[in-house]
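S.K.: This is what each chain is made of:
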Amino acid sequence: MEFGEIVSVLLQGAIVTIKIVAMALPLATIMAFVFGLVRLYAPAPFKQVAIVYIEFFRGTSALIQLYWIYFVLPFFGITIDAMTAAVVALGLNIGSYGTEVVRGAIQAVPKGQYEASVALNFTASQRLWRVIMPQALVNMIPPFGNLAIELVKATSLVSLITIGDLTFKAKSLADTTLQVGEIFGVVLVFYFVMAQVLMLFIKRLEKYLSKGLGRGGFSS
Amino acid sequence: MSAPIIEFKNVKKCFGDTVIFSDFNFKVEENEIVSIIGPSGSGKSTLLRILMTLEGIDGGYINVAGESLWHMPWQGQYVPANSKHLHKMRNHLGMVFQHFNLFPHMTVKRNITEAPMRVKGVSRQDAEELAEKLLALVGLADKADSYPNDLSGGQKQRVGIARALAMKPSILLLDEITSALDPELVDEVLDVIRNLVKEESFTMLLVTHEMYFAREISDRVCFFDKGAIVEEGEPEIIFTAPKEERTKAFLNAYIGQS
Ligand SMILES: Nc1ncnc2c1ncn2[C@@H]1O[C@H](COP(=O)(O)OP(=O)(O)OP(=O)(O)O)[C@@H](O)[C@H]1O
Ligand SMILES: [Mg+2]
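If you read the protein sequences in the order shown, they are chains A and B.
142 is the number that the working numbering gives to position 142 of the first sequence; each next residue is one higher, with no gaps.
205 is the number that the working numbering gives to position 205 of the second sequence; each next residue is one higher, with no gaps.
Treat each hint with caution, since some may be false.
Claimed, not checked - Quick partial rundown of chain A residues pointing at chain B, CB under 7 Å, derived from the structure: (1) 104; (2) 107; (3) 108; (4) 112; (5) 115; (6) 118; (7) 135; (8) 137.
As the list claims (entries may be wrong) - Every beta carbon over 10 Å from chain A, so not counted as near; a handful from chain B, in silico: (9) 54; (10) 81; (11) 95; (12) 137; (13) 183; (14) 228; (15) 232; (16) 237; (17) 244.
Hints are computed from structural coordinates only; laboratory data are not their basis.
The beta-carbon is built from N, C-alpha and C at its ideal position, and this holds for glycine as well.
Isolated chain A, as found in the complex (with noise of 0.2 Å):
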């Protein structure tokens, strides 16, 4: 097979691939931010559901869980298809790692800082939302970062769901045309260049966002 055909084919599993990112992050950072504030601030009862939620999905292989929303809850009535089955465990996946981290964002803001606000008598809702979360979200973006590129590595596992994505069409590809080099090494690239436009995209952001707190740049 020809250089030119093999990155086409594989361009279109590229392409599934980004789609799935960019439907499985946002779900990510929903669930990141919901199940981490109520972490923090809901009353137990709903803090005990965050818990469950986060130690579950953190606690079991992606792989299973994907197993479990695509081929298990067919049998209890629940039939999605592959793709939405693929976004919603692995938002669902990333985004417990993801509560964790605003939780660990928030909790970082100093202490001051909510007594500052409190004693300029700001109702709590502004103080998190005013004083608090645009503190914390500068602490969120590495740590964001790095968990948007686990879940770009983390969707080859839908490759074992019947998903045409990059891994898929690579080793379909492999198996019939045997031109294993020169096929992983084009999937290789493929990984690392969405890997890094993410990356460039999180600094950017980064830097929008620490206006005035004098620590801008990628610090880890």
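For this one, chain A is given, so just place chain B with the ligands on it according to the hints.
M.R.: Here is chain B with the ligands on its own, set in the frame of chain A:
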């Protein structure tokens, strides 16, 4: 004489098993300037933090401007205050912190306008006018658009004072506002307070280790030790002729140091 603007009655405060105040009584009159001095860990900050509603109490009552601070009337009884009551009571109080606690993600101007606008509903234009006036008062008119991290410690603290004043509190709480500053920056901050009390009358409660400042600015000085007022009175008397041995020992140690 009118009722005191601040009154502690049999207040108890513990941190776990540590008792900070066991039966604390204390009054401040309107427009009185009271300095609190005393050794580390004696409960000076805790006193201010209780007033600012940053710490709750475990017993007794506190009145501020004629109303109970930590309790509210409910069906003919006093019950622990809810957040609405605390929100109302906080309007009387403002605080300046040892470590400034400015909002680093806001410009100096926004640090000052944010609370009046969001909490009191002051229009942006009025809030900004007030901010400009206050910045001029603290000598930082040219720093309105800077971010706190670009200021010196003394400048930060002057913004801290302006920010607290913007809410027009009737009681101002100052907790060691110069302790985190290099010695050469202390006076630019203290001068702001000096000018402030010259121009307007304030009820002010300040914890300080600057004895000369306490002496010159206060109507009354309270010497604290182990959660109790050991001795209090006019500054001239406390600083020149203290009666209690513990006060003498504390002041001697200070003079020895500086
Ligand atoms: N949040 C807290 N939890 C437990 N103990 C506390 C807490 N805050 C204060 N304390 C303790 O209460 C005591 C009084 O503290 P406080 O900060 O009021 O002292 P202070 O007189 O302001 O001392 P300093 O001059 O060092 O500022 C100290 O022994 C302190 O360790
Ligand atoms: Mg203190």
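S.K.: Work down the list of hints and note, for each, if the structure agrees.
M.R.: Do the hints match the structure? See the list:
The closest approach between the C-beta of residue 104 of chain A and any C-beta of chain B is roughly 18 Å, which is over the 7 Å cut-off, so the hint fails. With its C-beta approaching chain B no nearer than about 17 Å, residue 107 of chain A sits outside the 7 Å limit, and its interface hint is violated. With 7 Å as the threshold, the beta carbon of residue 108 of chain A stays out of range of chain B, its nearest partner Cβ sitting at about 13 Å, so the hint is violated. This hint holds: residue 112 of chain A has a C-beta 4 Å from the nearest C-beta of chain B, less than the 7 Å allowed.
With a least beta-carbon distance of about 6 Å to chain B, the hint placing residue 115 of chain A at the interface is held under the 7 Å criterion. The restraint placing residue 118 of chain A at the interface with chain B holds, with a minimum CB-CB distance near 6 Å, inside the 7 Å limit. Evaluation of the residue 135 of chain A hint against chain B yields a held restraint, the C-beta minimum of about 6 Å falling below 7 Å. For residue 137 of chain A, the interface hint is violated, since its Cβ never comes within 7 Å of a Cβ in chain B; the closest pair sits about 9 Å apart.
Distance check for residue 54 of chain B against chain A: the nearest CB is about 6 Å away, which does not clear 10 Å, and the non-interface claim fails. Non-interface call for residue 81 of chain B relative to chain A: holds, since the shortest CB-CB distance, roughly 14 Å, exceeds 10 Å. Once the 10 Å rule is applied to beta carbons, residue 95 of chain B is inconsistent with being away from chain A; the minimum gap is 4 Å. With a minimum CB-CB distance of about 18 Å to chain A, residue 137 of chain B clears the 10 Å threshold, and the non-interface call stands.
Non-interface status of residue 183 of chain B relative to chain A is upheld: no Cβ of that chain comes within 10 Å, the nearest being about 23 Å off. With a least CB separation of 25 Å from chain A, residue 228 of chain B remains clear of the 10 Å interface cut-off, as annotated. The claim that residue 232 of chain B lies off the interface holds: its Cβ sits roughly 26 Å from the closest Cβ of chain A, which is beyond the 10 Å cut-off. Chain A leaves residue 237 of chain B outside its interface by the beta-carbon criterion, the shortest separation being 32 Å against a cut-off of 10 Å.
Every beta carbon of chain A lies more than 10 Å from that of residue 244 of chain B, the smallest distance being close to 33 Å; the non-interface claim holds.
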